[in-house]
Amino acid sequence: MPEHRDATMTITYDNQINLYTMGQPDPSSNGWLVSNWAAGQTSSMNWESDNVRRTSTGAIELVLDKSAAGATRPYAGGEIQSDASATTGTFAWHAQAPVMQAGAVFGLFTYRADWQNQPWTEFDFEFVGADTTKVQLNIHMENAAGQHVSLAEKKGVPIIVNLGFDAAQGVHDYRVVVAATGATFLVDGKVVGVYGAADMPQGVWQLGPMKSYVDLWCAQGLDSWTGTWAGGSTPLVARLDGVELREGDLTAAALAQPLPAGADDCANLLNGTDGADLIDGKGGNDTIHGGAGHDSLHGGAGDDHIGLDAGNDLIDGGSGSDWLDIGASGASVDLAIIGAQATGSGSDTITGIENVLGGAGADRITGDDSANRLIGNDGADTLTGRGGADVIDGGAGDDNLTGGLGNDLLSGGAGQDFLRLDGGDDFMDGGDGVDTLFYSGSSALTVNLSLTSAQITGSGTDTLRGIENATGGSGADRLTGSAAGNVLNGAAGADTLTGGAGRDVLQGGADHDRDVFVFNAVADSAVGTARDVVRDFTVGLDDIDLRGIDANTALAGDQAFGFAGGTAAAHAVWFTLSGGAFVLSGDVTGDARADFQIGLTGVAALMASDILL
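Quick note on the working numbering: the sequence shown kicks off at 1 and runs consecutively.
None of these hints come from the bench; they were simulated from the model.
Be aware that one or more of the hints could be misleading.
[Said to hold, decoys possible] Computed Cβ-Cβ distance ranges for the label pairs, DEER-style:
1. 37 / 301: 52 to 58 Å
2. 454 / 74: 36 to 42 Å
3. 432 / 558: 23 to 29 Å
4. 553 / 158: 40 to 46 Å
5. 23 / 158: 36 to 42 Å
6. 203 / 292: 30 to 36 Å
7. 312 / 246: 40 to 46 Å
8. 202 / 158: 40 to 46 Å
Yeah, the Cβ is synthetic: ideal placement off N, Cα and C, and Gly gets one too.
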């Protein structure tokens, strides 16, 4: 076995990789199956046994190139998987990445040994796209409901490590040490990531037997997470000099230790103690946790993640696009405050931070006038962007999101969220749950919840999706619902509310302005308990507008309704009051039976002048 040494740890490899294909006898030791079937993750290529070859020195090469004439798919890639498996232990690869291009992926990873019956468990090193100076880390698992969760999902961004070298220019060691409570990723013996249940969505940490895999493949010929794969005249070739699969849950003493607080310009993982620590990440994309104690944490250059831990800390992200990671408990963070602020973890001073990642609690996160990314994760969070073009994601929980004055992107995620329309040209997606658009301005607001393209709202040119309810401001607002059951509240001002299809609740507001409730089709309000309800209708002031409905469908043109008071009549509207329920009914077929109904609360009678017939 060749041996590789550096300042951190000693690494050994087995370069006697015994390859075989399906149908051939398994080797007696260190067998690796060569895939020879259609690739499942893409429709653009097949795994071909000819795309895995051994060099004269005994190294293994994986090739990605165009398929031979007559193949069922245009491209062919190479993949191998170990016969051996382990639930905990060390999985290592001594490898050289190919000279990559957009759309290509070179993976060194573990994957569930029984892909048909085991829950998904996977630990990844992946070179994605053309840049081989960076590698992407990820962990995939399943929660108790059988749903896929990932490390990148919890972090809100891909986990990218700047290697400090070009992985296509030489052979390097990549390994993941999987333990019962966490996993450590290392490159050339240096820790580049340590993760456990606290880093995964819903605290999932589920292990099972895993095999070791190496593959080289291309994505669909479309824009995707890898970039656009366009093929090429020159094959991509990756090299594998050796592998290791060592079973067993290692103790902490057996693992390579993180770099000390005096870090370098690579991507470092830096952990403090319970004392007053001074940690400087210098260059690179660092992950820094001070632990308990009154710490001074400096990210330096690079895109850093700094944890908000216990104690009265001084946190300085430095240059780059830096993240503050709140962790499990709820916290209050305002990036615009200069000086100490009560965060819930202590009295902390926060500078040089552009982005905040919330935790499982009900976080209150406020940005500054730059472009911020604010991610709530779990809990009922309040996220406010201020100025700048912000990206705000509530995650799970019933969240309250405000973009501020920039051109913002707001995503409610799961839960019943409030999304505030507050200047700028915004993109708002309520996500799952019943979500509400809220506006507090004095200018007239015009919103149509059935439109998915950009619309001029009076607050900006905004795109609204996945939003069921809307509340206007103090101006003369025009609110229009969608096919869902909407709640439209005009608030102050002389408002015009159109529910459209679905069981809608329309409320003009508690002011004394003239509100108009519009019904343009019989289908806008059903007969019976599924009918729309108009709240706070003021007799003699507000109007029910039925002019969009033809009162006699047997005649050409658009006929006006008659008003029949409290008696049913053909091609007319009338009202009834029974058991405290006031209902306005209308007939369009001529049988004096209700074809649509509208409920009104707090009303005892209507006059003809209350209805635009």
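Provide an ascending list of the numbers of those earlier hints which the structure does not satisfy. 1, 3, 4, 6 and 8
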